[in-house]
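Visitor: These protein sequences, in sequence, are chains A, B, C and D. The first sequence begins at 1 in this note's numbering and counts up by one. The second sequence begins at 1 in this note's numbering and counts up by one. The third sequence begins at 1 in this note's numbering and counts up by one. The fourth sequence begins at 1 in this note's numbering and counts up by one.
Treat the hints with caution; some may be incorrect.
As the list claims (entries may be wrong) - Below, simulated DSBU-like cross-link-like pairs (lysine-lysine); rule was C-alpha separation at most 30 angstroms, straight line:
hint	chain 1	residue 1	chain 2	residue 2
1	C	103	D	72
2	A	15	A	163
3	D	72	D	360
4	D	168	C	72
5	B	219	B	15
6	A	219	A	15
7	B	163	B	138
8	C	159	D	360
9	C	72	D	103
10	A	219	A	138
11	C	72	C	360
12	A	138	A	163
Worth flagging that the hints you see were computed from the coordinates, not collected in a lab. No experiment lies behind these values; they were computed from the predicted model shown.
Here is how the chains run, residue by residue.
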Amino acid sequence: MSIGLSLGTTLAEAKMHGRKLLVPYITGGLGTDWLDVLEAVIAAGADAVEVGIPFSDPIMDGPIIQEASQRALDSGATPASILGGLAERSFGAPLAVMTYYNIVHHAGVERFAGWLDTAGVSGVILPDLPVEEMGEWKSCAAARNIETVLLVAPTTPDDRAQKLVDESQGFVYAVGVMGVTGERNALASSARTISRRLTSMTDKPVLIGIGISTPEQAKEASQDADGVVVGSALVRRLLEGGGPDGAFDFISAIRRAVDAL
Amino acid sequence: MSIGLSLGTTLAEAKMHGRKLLVPYITGGLGTDWLDVLEAVIAAGADAVEVGIPFSDPIMDGPIIQEASQRALDSGATPASILGGLAERSFGAPLAVMTYYNIVHHAGVERFAGWLDTAGVSGVILPDLPVEEMGEWKSCAAARNIETVLLVAPTTPDDRAQKLVDESQGFVYAVGVMGVTGERNALASSARTISRRLTSMTDKPVLIGIGISTPEQAKEASQDADGVVVGSALVRRLLEGGGPDGAFDFISAIRRAVDAL
Amino acid sequence: MSFMGPPSEAGRFGDFGGVYVPESLFAACSELEAGFSDAWADASFRSTYYQILSNYAGRPTPLTYAGRLSEKLGVELYLKREDLTHTGSHKINNVVGQALLAKRMGKGRIIAETGAGQHGVATATAAAVFGLDATIYMGEVDIQRQELNVFRMRLLGAKVVAVSSGSKTLKDAINEAMREWVASVETTHYCIGSVMGPHPYPYMVREFQRIIGEEAYSQSLDQLGGAPDFVVACVGGGSNAAGTFAGFADTCAAVLVGVEPAGGAAVGRGSPGVVHGMRSMLLQDEFGQVEEAHSVSAGLDYPGVGPEHSYLNSTGRAEYYSVDDDAVLDAVMLLSQTEGIIPALEPAHAVAWVASEAGKRIPLGSKVVLTMSGRGDKDASVAAELLVGRLR
Amino acid sequence: MSFMGPPSEAGRFGDFGGVYVPESLFAACSELEAGFSDAWADASFRSTYYQILSNYAGRPTPLTYAGRLSEKLGVELYLKREDLTHTGSHKINNVVGQALLAKRMGKGRIIAETGAGQHGVATATAAAVFGLDATIYMGEVDIQRQELNVFRMRLLGAKVVAVSSGSKTLKDAINEAMREWVASVETTHYCIGSVMGPHPYPYMVREFQRIIGEEAYSQSLDQLGGAPDFVVACVGGGSNAAGTFAGFADTCAAVLVGVEPAGGAAVGRGSPGVVHGMRSMLLQDEFGQVEEAHSVSAGLDYPGVGPEHSYLNSTGRAEYYSVDDDAVLDAVMLLSQTEGIIPALEPAHAVAWVASEAGKRIPLGSKVVLTMSGRGDKDASVAAELLVGRLR
Ligand SMILES: Cc1ncc(COP(=O)(O)O)c(C=O)c1O
Ligand SMILES: Cc1ncc(COP(=O)(O)O)c(C=O)c1O
């Protein structure tokens, strides 16, 4: 639970102070210490954290997050167990849940918004729910003060991008590369292109996600964007047993890299 | 070589004397002692002997004679080696060659008739050469005094049977059962039916072949016919290593059975 | 009133359908919708499409009266012979359409998922004909049980990628194909194999398959002297059924029946859900996790169903039933030995339903048109194992 | 002058043909000849035959323009698509005719030999349709390399007998079927699968297959705007070639080409011989023993050939060439990857010949009709083994 911390307000404020934003992603329910990992990445300097509720059919995810999702599901993770876990502790940064729409749809949009609220989650990312299909969810979320982060892709045309940027809440999630989540050897040129496109359209924080794998890449990406989302590179370390300490070290290194800009 | 012994004359004479006729079949070139086997069956009371020249695709033959043919071919038997073997000795009974028409056709009908003549063979049985296709062969054979034995089957209609009986030389080969060569548990009823049909059509000796496997069957078959051809039952004994002695014993037993009529 | 018209502008059939895709794919779906609308309204596109189906793929397919089986069951049974098309199933109809469209839209590469392998083979075939590069995603379980088709795809020049996540069957092959599509959408057309996925796929694939129903309807008028009483087809994603129903839903009063596998009866046992880009009936657990289907037939081994079937079920215009694996194997033998037609395991579901319901839900003397969606060659190794001891 | 008229009364095409059978079978051959003559002159028999081919077996088959391959080879290549018929090869045409005839002649049982298994499958299929009992003879080597077809025959209710004598291939399967026929001729029809055997088979089977050539000829007039320059077909026993040639030999000046396997080129390397009831060209040794053929393709792995081909060769109206196994495998890949059509190994011989002779014996720009006698599914296991390493 992170009462009172709005994703949008928190990130906008940090941006205003010239700070580059860092939002790590972790898979909820991955390992028994996943809540400790969450605390560790906040301690390492995360401005907010994306918590995945695993889904059986994660079509936006590459092998690393697929495996993390499967492990979490196999060990019994459910939306209730993950949100219940979040509700039990207090966190020093706002939380956003990332999941696929069927989890929301199956619970019922109103009920799911209530669950997030109760758990102290302030934002949500639903990568397979395009803005066209989002009406019902958005009104339920708004009633609970849940911010819905929208993604913008390199293939999104300008007029549509403007609309997404305008409607996005919390921050704008810029898809850095055409592809699913996963590590990449180098930053895609598309990451810097989209950053420039989107920062010119809005004052909202624009974070680059998908494929940010190393401190160097995070730094490079942050040149044009307001910050980065780091997922697979962190989750791989967790799958390899890195635990809270490993997560802390890795996120700290990214923090240092983006701060050095 | 069995100079001067005509198949037809020999068999007709024996028949006239009230003797039941016995014509064993052996596969030429089967084993190194096949000529001894030939002598042994004559010694045991054969009135004539059918000598097979093996063919690669013997469609009128069942498994026993197929195997005998294959063994003979595998050990190098050829028309020349078999006919050459026959030419080397003198036999006390007339010989008829049994083979498939391609062996004749490939050698050339005239040449083949010459070979038989030279080898002292007096008759021939070509089970896949129907009377309709026989013209050319018959004239060459006649020029060499080779008698061509025709087969009549249970399915042959009466008018055609009469024609075959009339044209057959040496003897009339009555097919005792619908089927290929091989042993049978009992004499087919068709054997006695065809015997009666054919003996009523001609004075030529009518011999029942195909499926005569035991002395008892030979005896039963000879009640209506003038005698029997015995093939697979003898050849099986040869395949099992019975040799000239085994052949002698078996043909002697058949001789006794038919003589007891 | 029209039962099978086009979907709404939002790509919905009633409450079902839609475009639930990652933003990275959204533009591609819009572009595809525009491309398809344009092409489908273009007489020259249609005529090329029909010409290929006729000169290359063997259309029209016969409507065969199954005399010996009819006598046995007490109904008049007619088989729409999609098993006689090139590559051996109805899948070719759809693929010819999509490959032509991909070419028209300037895509040089085509990807596809496949379950039974028939869609993969059809896609690899069209890729060879049109000179496109093809990659096919197929679950490991399906690769094993449909080995003939794996070889055919490779021989046709396609790359076959084994998918080892999740159930290792059709569902996961779709996931993997979608992931690949996200990465390559600008150069690549994703050739979905059934009336599923995000709009415009359910509509587009149904339109490319409606030739089955249109032919069968007009053949019925000729050969049966009128419309049939029942029209029956198996339902995996639902493309052969949708294509068949499209010829009858609005032209006559025939009862339309979709037959699902007992272990994958999305319409029969599922609830509304969102997966693979669409809102439709879905087998899922209490938390919204998608359940694995279990069917002997790789092509029906899928926990979802095309959205239009969910809609047709909700309106009552079509009815959905299911049969189990044992009944399906019996039906394979029954049809083989009475009619000399070895069905694929998928349409054997439809045969099994007719065999079990003749004289019950199907009154004696009824005229029944059944879509024989594919031939059984691909299932030989599976069927041989399961039928061992029952053959001469 | 007619090049492909009926044979003489003695069943001869020139010096070839005849009835070289054991006396036990002679009456059956005469009866069959009378039965066939009577049936073939009976319009109602013919119309039933055509109806089954159309409503059940999928005729007419298309004549497909092979655009990409034509461009590659510099000739205009058209494929007569017998691969699209029910059961997957031209063999069904003949079997439907013979099964109808057997039924008309009151026979309740049917036996057949098979090499590739296509004729066996077709026979088992017709037996199922007409409610006849079927036994199929097949060499052990062929049983192993055409396992899909063995399963299909059994599933269709036929008994498959493994033949282990001689070369364990087609030649010996024929021997064994003939032996069985000798034993059961009164109740049993022997359904020979090619234009071979004793009269009336070579004539009858050609007549039942002439529908290929008649369709192809009239399609040529429509699609090519006239007769082709070359007509090419593979030759095992020679039925698909004879059926095809029958449509062109007396209607136009097209060069007729039969393509034999290098390891079984009876016309090309054989000499006149008598086996399996006929006088024809035959591979044999210096003593007249029949040689074993050696071909990757089970359906062409035969040392003889139908007598009419020996005659057409002797008159020069048709020409015969051969290709080796390697060229055949290349042709399988070539056609699969340029046209999306996986040929059976048998017609791949014809493709291989056209591919190697385009621009040589076949002048550039020539119009070529090639009979695609069957589809390649049956050959998957053999081809997979031989092509391993050459696929993606
Ligand atoms: C022969 C056959 N029928 C049916 C299906 C199921 O697909 P659909 O429900 O889309 O017709 C398949 C899928 O592979 C198939 O191969
Ligand atoms: C597809 C195919 N083509 C050709 C043949 C050869 O037979 P024929 O020469 O009689 O056409 C076979 C025989 O099995 C076959 O299956």
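Visitor: What are the numbers of the hints the structure violates, in ascending order?
Guide: The structure conflicts with hints 4, 8, 10, although it agrees with all the remaining ones.
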